[in-house]
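A.B. asks: Per my numbering, the sequence shown starts with residue 52, numbered consecutively.
It is possible that part of the hints are untrue.
[Said to hold, decoys possible] Pairwise CB distance ranges (calculated):
hint	residue 1	residue 2	range
1	102	299	39 to 47 Å
2	102	262	18 to 26 Å
3	287	114	27 to 35 Å
4	78	195	22 to 30 Å
5	208	74	32 to 40 Å
6	163	263	45 to 53 Å
[What the hints assert, rightly or not] With a straight-line cut-off of 30 Å between C-alpha atoms, the simulated DSSO-like cross-links for lysine-lysine are:
hint	residue 1	residue 2
7	61	215
8	61	195
9	122	61
10	246	195
11	126	246
Just so you know, the hints here were simulated from the structure itself, not pulled from any lab data.
The C-beta atom is built at its ideal place from N, Cα and C for all residues, glycine as well.
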Amino acid sequence: AAYVFSSELKALVGHAESSTVVAIPPGHHWSPDGGLVCYYNPEWLRNDDYAPWEDPAHSVTDDEIREAFSKAVQKRMMSDVEYGFFLSGGVDSCIVSHDLLPLWRAEREALGDDRPIPTYTVGMENSPDVMAARAMVDALGGSKHVEHHVRSFTPDEVFDLIPKIIYHMETYEAELIRSAIPNWLLAERAAQDVKMVLTGEGSDEIFAGYLYFQDAENPRQVQNELRRIYNMLGNVNLHRTDRMTMAHGLEARV
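All chains, full assembly: derive it from the sequences and hints.
C.D. replies: Right under this line is the structure:
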């Protein structure tokens, strides 16, 4: 048997019958001998009964979370190309930028380069996200440390983008298309300057950042919902981020 692999469905047209196409799930790899193998399956994801809040011996301090978070940011900075950051103005990207900037400055200082980090925001003029991002830039030290770019748009200009976005997203799901429009414009702008960007995507699905989590009645409800939305990331938010950036030859890291 012959096997064909592709990161996009459109590349399989003419090479495979649609009934034979399957998606490799996140956290898996495949080989002809071993078939589909799961290589990432932590206990909190696989065990329905996982309840660390009920274990007195289970303890994670705020400092341990901060250290792990900072290491995660630094790990994603490794690059041999110019890179920047998607500063949406939301809590997630603002927290990432707070840790990213000193790491960037230390990295640049070692290279004898004091240029500011390029950041990118998208939104309608004076929208809450744009204003919040500008406030965060000021909090980080302003233009001395941050080269901030805002891609403003109007409702009229987005309609012509919809066919392009559907082509790259490979879906007609209305909510995904709607959320992909600003991502397209943001990636298009950032790709003029850099080849890679860091983002705050995925944070809400790990740290229960969505507003509706306040309605949870107990830790089990929070845990179950986090597992559900985490497992959907590859088909929703991260799918959108990947497709909209790669459409412009831009790599996004989360």
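A.B. asks: The structure should be examined with respect to each hint, and the outcome stated for every one.
C.D. replies: Evaluated hints:
no. : hint                  : result
1   : 102 / 299: 39 to 47 Å : 43 Å, holds
2   : 102 / 262: 18 to 26 Å : 24 Å, holds
3   : 287 / 114: 27 to 35 Å : 32 Å, holds
4   : 78 / 195: 22 to 30 Å  : 41 Å, violated
5   : 208 / 74: 32 to 40 Å  : 33 Å, holds
6   : 163 / 263: 45 to 53 Å : 48 Å, holds
7   : 61 / 215              : 13 Å, holds
8   : 61 / 195              : 44 Å, violated
9   : 122 / 61              : 37 Å, violated
10  : 246 / 195             : 22 Å, holds
11  : 126 / 246             : 17 Å, holds
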